[in-house]
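**Student:** Hey, can you work out the whole structure from these sequences and the hints?
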Amino acid sequence: MAVFRRAGRRTNLTLLSLLVLALATGGLAFGIGSLPAASVIAVTHGALGVAVVLLIPWKSVIVRRARRRQSTHPGRVAGTMLGVLTVLCVLSGLVHALAGYRPVGPVTALQVHVATALALVPFLLGHVVSHPPQRPRRTDLSRRVLLRTAGLGAAGVGAYVALEGGSALLGLPGADRRGTGSTDIGSGAPALMPVTQWLFDTVPTLGTEHRVRVDGLDLARSELDGDDEVRAVLDCTGGWYAEQVWSGTRLDRLLGDLPTGTSIDVVSQAGYRRRFPASDAAGLLLATRAGGTLLSAGHGAPVRLVAPGRRGFWWVKWVAEVTVVDAPWWRQSPFPLQ
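Note that the numbering used here gives residue 256 to position 236 of the sequence shown, counting from 1, and the numbers run on in steps of one.
These are computed hints drawn from the structure, not numbers from a lab. No residue lacks a Cβ here, since even glycine has one placed at the ideal position from N, Cα and C. Incorrect hints may have been included.
Using C-beta positions, here's what the derived DEER-type ranges look like [unchecked claim]:
1) Ser162 / Gly318: 55 to 61 Å
2) Gly173 / Ala347: 37 to 43 Å
3) Pro142 / Ala209: 41 to 47 Å
4) Leu357 / Ser299: 22 to 28 Å
5) Ala182 / Pro142: 29 to 35 Å
6) Pro126 / Val165: 42 to 48 Å
7) Glu229 / Asp196: 39 to 45 Å
8) Ser59 / Arg251: 17 to 23 Å
9) Val40 / Ser162: 20 to 26 Å
**Tutor:** Next up, the structure:
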């Protein structure tokens, strides 16, 4: 078709923009757990992925044209790998959206989605630098181009909404996902929650003698096994969530009034750590129980942190120490590196 034969520079720039935006919104979706912000980001991320698929007919024309002209182009390998990884990334994201949290052995579709997204970044950079830089043109902001861009955006959103509607109509497992994209696994039944770790954490063996140091206090689990309760959603970046009633002791009861400008550093027995604003103290709970039963080792026993409104990697398990520090809470990696 003539419309596909016109594919060229603008198609490539649009695809590049879509991939960069998809990577950015994917990172935001991984880090934000509060609704409705997480829902807006997740829908945007999904619509961007659909828009990438919609451009395949135009991009395929460019690929065939390039192969006829430059069979030994230095960026061909990077371009091929970029294409393969992008297809895998989109397909695995689609599987997660339709099937929800369904591990195959130790692997989930969302893990494949994230892994391929990270893996394609160097190939995207290699593909870009292997081609001459594209200078902006006056026509890039023409009315026609802007209308086409708006049309692609509307088509992406429309196709995403149709996909979600079809999933709900067919009763597919992914239709009941939370706004973050996570599937309900074990709400009200803590024993059914999956046991997951961040990166290279392993479950430590901690007995009843384990103690938690809280800003100079040395506390046993029995001393933290209090009456404070909060109903909160643990929303794991692995693609599942569970709402439980968590009980233990609120941090503000232990830390008291904190000086302005300080932060709360929570450290795991595994070395993992997260830092929080001092203003969050009243909302943070050192939990010993979920649903009225003592936590299991896989879910953070003897003591784990409950951080309502935050994604699961903020909920530090196997808490060993809580300290008040002068450093600002945001001066840390967006995601734990351990």
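**Student:** Would you mind marking each hint as holding or not holding in the structure?
**Tutor:** Do the hints match the structure? See the list:
Remark: the range hint 55 to 61 Å for Ser162 to Gly318 is upheld by a beta-carbon distance near 57 Å. The hinted range of 37 to 43 Å is satisfied by Gly173 and Ala347, whose Cβ atoms lie roughly 41 Å apart. Against the hinted window of 41 to 47 Å, the Cβ-Cβ separation of Pro142 and Ala209 comes to about 42 Å, which satisfies the hint. For Leu357 paired with Ser299, a C-beta distance near 25 Å keeps the hint of 22 to 28 Å intact.
The beta-carbon spacing between Ala182 and Pro142, approximately 34 Å, falls within the hinted interval of 29 to 35 Å. As the Cβ distance of Pro126 to Val165 is approximately 46 Å, the hint placing it in 42 to 48 Å holds. Taking 39 to 45 Å as the suggested C-beta distance range, the pair Glu229 and Asp196 conforms, at roughly 42 Å. Our hint of 17 to 23 Å for Ser59 and Arg251 holds, since their Cβ atoms are close to 20 Å apart.
Restraint check, Val40 to Ser162: a C-beta distance of roughly 22 Å satisfies the suggested window 20 to 26 Å.
Figure legend: structure checked against the earlier numbered hints; every hint is met.
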